[in-house]
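Engineer: Chains G and Z, in that order, are what the protein sequence lines are. Counted the way this note's numbering counts, the first sequence spans residues 1 to 924. Counted the way this note's numbering counts, the second sequence spans residues 1 to 410.
By construction, these hints were calculated from the structure, which means they are not laboratory data. Note that the Cβ used here is the ideal one computed from N, Cα and C, for glycine as well. Treat the hints with care, since some could be wrong.
To be verified - Simulated crosslink set (DSS-like; lysine-lysine; CA at most 30 Å straight-line):
1) Z/Lys220 <-> G/Lys725
2) G/Lys80 <-> G/Lys258
3) G/Lys266 <-> G/Lys80
4) G/Lys687 <-> G/Lys725
5) Z/Lys210 <-> G/Lys904
6) Z/Lys220 <-> G/Lys904
7) G/Lys758 <-> G/Lys266
8) G/Lys717 <-> G/Lys258
9) G/Lys756 <-> G/Lys808
Unchecked claim - If the Cβ cut is set under 7 Å, some of the chain G residues that face chain Z in the computed set are:
10) Ile267
11) Asn787
12) Gly788
13) Val831
14) Lys904
15) Phe906
16) Gln907
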Amino acid sequence: MKKFVLLLLLLFTSSITFAQENVPTLSLTIENAGMEEVLLIIEQKTSYKMYFVSQWLSNEKFSGSYENIRLDELLSILLKDSLLNYYISDDATVVLTQNSIIYESLPDGFFDAGNSNSTSISSQEEEEIAAPVFFNETTASEVKKIETIRIGREDRNAAKKRFTLTGKLTNATNGGPAPNIAITVKGKDIGAITAEDGSYTLELPAGINILETNSLEFEKIQKRVVIYNDGVLDFGLDEAYVGLREVLIQANVDRNVKDANIGATKIDVKEIKNIPLVLGERDIFKVAATLPGISTAGEGASGYNVRGGKTDQNLVLLDDGVIYNPAHFFGIFSAINPFTSNDVTIYKGNVPAKFGGRLSSVFDIKTKDANVEKFSGEASIGPVTSNLVLETPVVKDKAGVLVGARSTYSDWILRNLDEEELRKSSASFYDVVVKYNHELDGKNNIKATGYYSKDAFSITSDSLYSYSNRLVALQWNHTFNDKNTGSLILTNSQYKFDIDFDGQTNTNFELGYTITETEAKLDMNYAGSERHDFHYGFASKLYKVEPGSIGPKGSNSIITPLTLPEERALESAVYISDIFQLNDRLTLEAGLRFSFYAALGASEQNIYADGVPRSDGTLVEVREFGQNDVIETYSAPEVRVSGRYLLNPSLSVKGSFNTNYQYIHTLSSNTTVSPTDTWKLSDINIKPQSATQFSMGIFKNLKDNLYELSLEGYYKKVDDILDYKVGSQLLLNETLEQEVLQGEGKSYGAELLLRKSKGRWNGWVGYTYSRSFVKLDSNFAEERVNNGEFFPSNYDKPHDFSFVGNFKLTKRYSFSANFVYQTGRPVTVPVGNFILNDTELVLFSDRNEFRVPDYYRLDISFNIEGNHKTKKLAHSFWNISIYNVLGRNNPYSVFFVTEGGEVKAFQSSIFSIPIPTISYNLKF
Amino acid sequence: MRARTDYIIFLFCGILCCASCIEEIEFENEIFESALVIDATITNEDKKQEIFLSRTYPFEDGGPNPESNATVNVIGNAKVYEFNEVDTGSYVSQIPFKAEPNVDYQLQINTSDGRTYISNAKQLTSITQINDLYAVRETNDDGANGMSIYIDTFDPTGNSKFYRYEYEETFRVEPPVFVSQDLVIDTAPGELADPCPDCQLKFEFRSQDKRICYRTETSKNINLINSADFTEDRVTRFLTRFVRSDDYRISHRYSILVKQFVHSSEAYNYLEAVSRFSGEGSLFSQVQPGFVTGNIVAQNNIGEKVLGYFDVTSVSTKRIFFNYEEFYPNQPLPPYINSCELKAPLRCVQENNTSFRCGGLVNGIRRNIIVYRGPNNGQIPLGGAHLMVDRECGDCTALGDPEPPDFWIE
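Okay, chain Z solo, but in the shape it has when bound (with noise of 0.2 Å):
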């Protein structure tokens, strides 16, 4: 009684001749629709929970426009569940809580311009585990070789079905050409005969905080798989990330947490059709896009489009984490995320015969985008005195934490 997943997907196919093309293009909404964007997914986790509102920005924007000063609750279980606006766009529920089986979940927010938007009831998904999270090394279809992290689930209730997947990477960074010594502003004034006085710069010792850190990055897609096709609620080897082997993410050691989502046979088809009309393209057909209507409405205006759909999950979680040897032993390390290339910019450069102003290594070390590297001994002929790299060649501090997270093992 749902629709079963379609698999055709006509991913690119540049098929039959070179004349036949598709090339990027410069595109810009002739006209933009402004709308209101409710990611609003409460889970079965003891958590303050979070929803997400912003507005559709245009395509040459950066990003959302999130929106404030809603008042945002979550009725269930014969309870309301206030929300408090803790960031722009980001509320939190006043109370940590979690959605309990069998309850009603309904959504209901009124914006500032006084417009008020409600869900359906929607009642928490069954609760199934991760069974295994565990990474191959492999050449994937498209010849690639690197890490694929799969995922093994089974519902033995047969119920859950439908399942998204997020994931958390957490690895350490070692800045290749890490030195003890960093080249800093010097605020005292220098001598008489500097021309550029104000451009002073000292040596310090460079901290070791600054040497491993950990990063952090979270995943940017709508990862669908529905076992439904399947001849029991079982997802077996199912990738939910794979870094190449020349990415410098897996580097040294890596962590990968996934979350599986188990959404309703609804919500599912949402978010697999609105992740279909932006996810692909073909030569020769195209699927017919358009407004997927979701289960929010805005009371006042019948027609009004509402994204977003609401919907009450049952979340599971695993982690893993592996090293570089273990999967590529006695190899070189993939090249590092920069190619830290040397400059020596000049610290003091003449504008005309009489004045003088600071060189691109002292606005280079104010902005905090270079770091030393070593004495110009030549090697870059007609340059500053000092070598320097860009700042996470020496700093990992530019990519990540040196904190090592709780979760952390080594």
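The shape of chain G in the complex, shown without the other chains (with noise of 0.2 Å):
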């Protein structure tokens, strides 16, 4: 008997473990050892992992010596006298389980059972060849231990060879019918399926006949039904819990070739804990930056290019609300807590109609739902932050909390360095979110999010800086049917600075600038059909500017109060979108939206002479708006429109037209960003700015979505873009209208982007050449940059090579690089130098003509996993970065300095050593 069941063993064992194609060998010798010592020789010979619980193994010592044996021989030999069943997975592990076996894939045609054309088997030896192993009790088996049923009394006359068995199954465990159930019999080409009550009809032949169960739902029951007469059988079945190996669904494996839309890139949280770190942050918007079309004008600068934009084209989005400055210390953080943040999903190429009011990109971040099972949270330690994220079910399995903060000491680091100068200047820096996620029921739950920023700094002792970023956003998703869905979001942000000068004499004051803005969003969608699937909605948000004031500080200050009259504006939009499948490979996106903005007063307007520069002298008249009276209306429809055609399943093409309105800019007399500008809403003077972007892409995905492919070219067209008069103040500037231009820009680029996003190597390489150039010209030499040409954007980088690779050398140990190089950014440097009032001044040439030296940085990391014991309180992560290994003093800038009425040139790098850095997480 026992050959049989090796035998069965064996075919069960073979046909699993083909799963794993390059099972490892090894060459052992066993000397009367028990399985559990053998099963911990092999994990320590093979880099395999063993599961097992080790009560079931057997207390038989094994001997024998092995030359190389192929593993899953060896297990089976190991295991054939046990219960044991193994299965080796790909990732290198080996689980071993009691009686069940692991399948590989959902059995095939388990239903056709009862169809089987077998035809050959009748004879009774055959029979008790097929099933031998049902008669042993010991062996291992998938099944109970078979009852065996006489039924009816046997009539020696009868003529009969064949009688007719009745009954009815049912669920043991609630006693309901069990329908749709194939019931088999061994060897024999005879079969039934239960009904919707559960009743079934088998004719058997005479004598013995095994009957089975097969089912997903229920255990696989086998009965020895020795037939005499025509008779009834009826009985229960317990429902199965079969051990699958966990599915992977990958859904939007080929999505970069299949989704419609182009330009839209999306970053998952959790995978980016590799990727080499600053001083020890993990940072969604620099992992962004790796990616082709996304750049910052450098290392400490905050705000973020999107294909040839500026830094205020950005949307960026926190469940919905906008963040004005999600940057902490000069962007060398940023405000996002990665702990909190779930996925990001960036728009650049086709941004969808729900989306508007920026022109170059949309950064929809998403918080990440609180744990409504268990008391969760993670943390992390790093040289200047710590973060903390708490997560808490309220009504278990519906509701649940999440609090993230996350901190700097830098402050303490600052005061605690030898240099006089670093000492003075302090820097601090804090965000918290708080969100919260009830699901109601099937059809509706809520969200509610809260956020808030803070940094503070001081760079001098007499000034202190500060800026804070506000946010609620409130979200109730509602499904009204299976073809209908509705969101109703209701956000309001606010960005504020101030700063507080405190110096030795009589001037000291407080400045301050704020904006609000709270925006309701109906978001509906309907899934018409398969071929449509229709997005629309509305949103309106009312905006509110403190554009500035001042104020003495102190009772011996001389400064007036001042403040410039508050601003508002409502800004509309009615949206539609459909993804429409034309045929199986031609997919549109067509979106409409149309914006409509209201500048409201109260407020005074001054006009000035057409055609001539604005000045005090052009003035005509000061026109008197009041409270919510609409002073000036911009309109307009922007066509979002994105299509993919596949060529092959793994080979798409996709093109888009984007139009887009901006009606707010930032006011930046600076050449990056700087957490003082200020918003400015348009109004009679300042008008919206407009942006008209075409792109074109080719996407391919290699080896069975593995790699991913990708080719994209834009050319995008800006018009009304903001800059000012050279050496204007915008700050506190109650004519602001008067240093003013409006100017055109142009981009284009091509991005090539190489990613593997799964097995022990992945990340990508991307590529991209592109250009920025903006234009700003007039009849008036004042009102004119470059002469009217085209001049190169600040972050006109043509050049930009970004490698970001990860590797796992075992379960526990990554590392990880990332490689970046950049054309040096445009500057503006002198071309001479004049004494003016006995003072020597710098003549500068014309805007951008000249760049800083190229850029390039290497950085590694090493990632240590904590142990994978499941018996653990939590799961620890170790992160050991060097950030620019090479040590390149990358220039960041170039400025120039009169001292001593001398003029003396310097280049600032921010960080221009090698910076090691450790952290430490804590998942639980």
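Since each chain sits alone in its own frame, please combine them into the complex, following the hints.
Structural biologist: Written out as structure tokens, the structure is:
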């Protein structure tokens, strides 16, 4: 009998282990070792992890010597007399199971068993051969012990060779009927399927029949029926718990190729944890900047430039609320907590019609939902910041709350530095996120997010700068029916900064700026048919800007209080879009957004003479507007069309055409973003800016979606982009329109990306060639820059190469590196000196005529995961990073200072030496 | 109706970590652009008005290229004031005149290459006197101790607002190692046995004029303040000059003349912008520099860059004096500008077996860079016979003028 057992086992095992094509071989000698001991030896000799329960293992001792034996063969030998099965998985693990077998895939044709075409088996002997295993109670078996049932009274005179067996199958757990169960007779071409009420009828040959039930729902049951006459057999079935190997549902694996949208990138925050860090901070934006089309002006430059767009042209949304300045500390850290973020989708090409208000991109960041099952958390300790996130269910399985907080101790670091200059400065920041999510019923859920971030820093001992972002977002999602769903979203966000000047003179002051916006948005989805997916809705937001106020600080200050009048505006939009699948190859995502903007009073607007530069001398009248009077309106249709044509299942071409309008602008007289940049609403004198973008791309997935390859090209034209007369003072300027220039922008580029997101090696390589230009022309010299010709923008970096790679050494150790190369950014440098009022001064070149040297940087990091024991309090993770391993002194800017009547040139760089960092993360 | 001052000055913020750095670099203009620089401010002082014309110069060059042979005229009050070039690039009005209120003045320049430059018409700004000028000994925001020279000014009419300050400091210089003898070149041939017969020296009495001198220096920066943000047109305790306690300038008696210019808002903004572009930088954010358009254009070529701003300003001046002991009673003097190390260069040196030449002693005296201190009695072994010091240590005329200026009051 044993021979048969082995045979069966081998049959099973061989069919299973073939899942693993390259099982390792090993050589070993065992002498009187216990089973566990042998398994541990195997674990040592191979990199395979063994998972088993010690109690299952027999006390049997093994001896033997094996030379280059395959792991599966060895396991078969080892386990042949036990009740254990094994499964070797692709990721170098071996799982031992008792009785049950781990299936590689769901069984095929299970229910067809009754219609099996096998015809040859009918003899008693074959029957015996086919099922000997079941007579032995001690053998490894997937079925329960067989019960023998005798049906009918044997009638020796009966002429019938077949008898009818009828009966009913029930669910043993609840007594209900068990329909659609296949009952087969082992070795015979006989079968039946139970009806709705669980009843069945079988014609059985006289004698011994082995009945077997087959179902995914219920455990397999075998009954030995010795039939002598027609009869009835009812029995119950136990519900089955089939151990399946994890089923990887890889949605979106072919999104790269199949999505109709072009220029959208999704970053999963969990997957970026291995990427080398600056000062221990995991940063979504920094990772985004390694992807083609997204760049920063330099290290320590806050703000991102997407496809040659200005930094104010990005809509940064956290749970649909706008964050105006998502940067801490001049952009060295992002203000988005990585632990509380789920993912970010960046739209840089085709922006879906539901988004609007910015020209270049949308960063759609989603906070992760709180854990509604159990209390959990995550913490990290880095050299500059600490981060703690806690999640707890409020209503079990329905509602939970997540709180994340991050803070820096940089102030403490600065105070302990040797250098006098640095000791005087201070810098601190923190951010807090709170999210509540509640599944009310199957059709309704609500989410609420609160966010606050604050930065404070001082560079000189007499001034303190601070800025903060505040955000509240409420969302109610409702499912009307199978085809209609909708979300109602209310958000309110605020950005403000303050400057406190407290020096030794009597000119101490406090200066402040605030922008607040409140938005209501209704977003509806109608999944009309398989070919249509409609999104439509409307959104309306009210802006309130306090453009600046200054007041005396202290009693002896002689500063006059001044408050620039509040600005208000209403920006609304209706939109509709349809993802329309024309045929198997062609899908269109066509959207139309109609935006409407109204600048509202109360306000005084300066009207200037036409055709001459705006100045006090050309001021014609000051027009008064009462509270809520409409000062000026702008409206425009925005077209968002994108299409995909599938050449074959792994190759597609896509194209898009987009127009966007932006009614709000940043005022900045700096070459890069500064926290004191302010936002200005469009009004009578300042028009909204608009952009038109064409993009095309070819997308290919290779090796079963293992590699994604894409090549995209774009051309973008921007009108009424805001710039300023050279030397303008923008803050607290009551006649800002006199300083503003509105010009043209154009940018184009090609982006190549090869990405491998799975496997021991993963990462991506990106290369972008892009240009970005601005033109400021006028009939008047003072309103012209570079003679009215196109000149490279501050962030025009033609070549941009980046590589991000992760290599998993083992399950616990991994190594990452990233390398960046970029053309140096354009700068304006002196082309001569001159003397005026006995002072040596510099004459500058045309704007952005020169470039700082090229930028390159290599970072590496090594990650150590805590052990994988199942019973431990928390999972830990160490990250050791070295930023700028090559110690490249990448110049960030070149500037000139007059000292003692003499001009000196300086070069600044942010991280000029390798920066090692170690951070510790904990998850529980 | 004008831009308020932006207080955001990010000076050298070398914040965060020692990893960030700002370093001085050698910079050369890759492309040099030559442009005319017009330094023209007409004031309400009745004097021969001065206008300076120069051209831009490359970064590595030391100084400006004066623009000569131009015709410079200021037109105003129905008169043409002609200017003559008295020094290269320096043009002075033929007759003294002062700017009158409510009169349009315009600058017109024809350069030798035939180009014409014309300014906008400007009028004299309001006239405001300096209220007070005073010296305070204090430790400043940078932690340095010294003398702060503050100014107070007030325009009750509220029309001045845009001020620029220049100073002219004059101080007494007393060389620390003044001796009554000087070693000078003796043209008479020396003894026959002297291997260096042409390197003869002799003693002379040193003039007492070399004992006390007066040195004048002028400000070399654009110092601006506007009172537009203040409750009234009043500037109080505005720093015009800071002299550190260890500066030799305040060693004896010090005087400072502060000139207050009231500018038009446009001129003020121009000067503010050009000095801002050359005056600061920051690690993290850099002001977008560029060419600032002034109020002078090249008639034949609208696109030509012309530097400078023609303005007609009122001027007010005030002078104060103070002695070192007033603020530093019984305290040692600040270190002299020169540490006055003793040296004993040789009079005659042997070049090879046969030839000799004059040594550092004779050459130094010829070039007038060293003066006699005393005999070398072994203070400097292997040196020459005489102890010498740098000229300014024993001869104040190296630094200033022995005659006290007219305004000087002891």
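Engineer: Indicate, hint by hint, whether the structure satisfies it.
Structural biologist: Here is how each hint holds up against the structure:
no.	hint	verdict
1	Z/Lys220 <-> G/Lys725	27 Å, holds
2	G/Lys80 <-> G/Lys258	48 Å, violated
3	G/Lys266 <-> G/Lys80	48 Å, violated
4	G/Lys687 <-> G/Lys725	17 Å, holds
5	Z/Lys210 <-> G/Lys904	36 Å, violated
6	Z/Lys220 <-> G/Lys904	14 Å, holds
7	G/Lys758 <-> G/Lys266	15 Å, holds
8	G/Lys717 <-> G/Lys258	28 Å, holds
9	G/Lys756 <-> G/Lys808	13 Å, holds
10	Ile267	26 Å, violated
11	Asn787	6 Å, holds
12	Gly788	9 Å, violated
13	Val831	4 Å, holds
14	Lys904	6 Å, holds
15	Phe906	5 Å, holds
16	Gln907	5 Å, holds
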